[in-house]
Amino acid sequence: AQTVTQSQPEMSVQEAETVTLSCTYDTSESNYYLFWYKQPPSRQMILVIRQEAYKQQNATENRFSVNFQKAAKSFSLKISDSQLGDTAMYFCAFMMAPYRTGANSKLTFGKGITLSVRP
Amino acid sequence: DTGVSQDPRHKITKRGQNVTFRCDPISEHNRLYWYRQTLGQGPEFLTYFQNEAQLEKSRLLSDRFSAERPKGSFSTLEIQRTEQGDSAMYLCASSRGGTTYGYTFGSGTRLTVV
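The listed protein sequences correspond, in order, to chains F and A.
1 is the number of the first residue of the first sequence in the numbering used here; add one for each residue after it.
1 is the number of the first residue of the second sequence in the numbering used here; add one for each residue after it.
Note that these hints are calculated values from the structure, not bench results.
Possibly wrong hints are sitting among the right ones.
Said to hold, decoys possible - Derived SDA-like pairs (lysine to any residue); straight-line CA-CA distance at most 25 Å:
1) F/Lys106 <-> A/Asn51
2) A/Lys57 <-> F/Thr3
3) F/Lys106 <-> A/Ser27
4) F/Lys106 <-> A/Ile26
5) F/Lys55 <-> F/Ser28
6) F/Lys106 <-> A/Gly72
7) A/Lys11 <-> F/Met89
8) A/Lys57 <-> F/Ala97
9) F/Lys111 <-> A/Thr38
10) F/Lys55 <-> A/Tyr101
11) F/Lys111 <-> F/Asn58
Model the full structure from these sequences, guided by the hints.
Structure (structure tokens):
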């Protein structure tokens, strides 16, 4: 079974600064997908960024980038130039490759981290 | 594409009552997922459908829980004889096939059992 660990329950950052959210995971799979989801207060969860495990290059999406360390099973999210709208819970999630038996595109989530961006 | 809709947004019920939630996925999505999120936790998988077939159920889904997706369109999640431990946010999500690009989530139904 896969597990996802987010050990920091809360973080705070000044607007326009950079913040890094940590995530570690455990799996015996060699191919899988990792995600960061954002859940603003009372709003739906949206996908921030996605990483394929067999790709060494770290994914980037505008101000969001990841540091994917496969050997260390670490997947951190860096938010540059933080904005007030980045205030939300952020969840790290794992998905097995779909061709694996029992995969079913099921997501395994961490507990999340509450990020507050201060004006 | 109006996204994934969930109804109601909030539900308060007395312990022992039955409740039913509805999810309308994105129309061209053939997969539909239900997750449960309790306070301070990440979402946990409950069950999923491919078209009208329920293909997997989590151990979290006790006999009091039942989900349906008639005709592969909307889905309902029913909880019978609710307990205080059922209080949570119930999230629905949909996707096209066995996607590796994540899913589209609804805004959730927050259930409070008093």
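Hint-by-hint comparison with the structure:
no.: 1; hint: F/Lys106 <-> A/Asn51; verdict: holds (16 Å)
no.: 2; hint: A/Lys57 <-> F/Thr3; verdict: holds (18 Å)
no.: 3; hint: F/Lys106 <-> A/Ser27; verdict: holds (20 Å)
no.: 4; hint: F/Lys106 <-> A/Ile26; verdict: holds (18 Å)
no.: 5; hint: F/Lys55 <-> F/Ser28; verdict: holds (17 Å)
no.: 6; hint: F/Lys106 <-> A/Gly72; verdict: holds (19 Å)
no.: 7; hint: A/Lys11 <-> F/Met89; verdict: holds (23 Å)
no.: 8; hint: A/Lys57 <-> F/Ala97; verdict: holds (19 Å)
no.: 9; hint: F/Lys111 <-> A/Thr38; verdict: holds (10 Å)
no.: 10; hint: F/Lys55 <-> A/Tyr101; verdict: holds (15 Å)
no.: 11; hint: F/Lys111 <-> F/Asn58; verdict: holds (23 Å)
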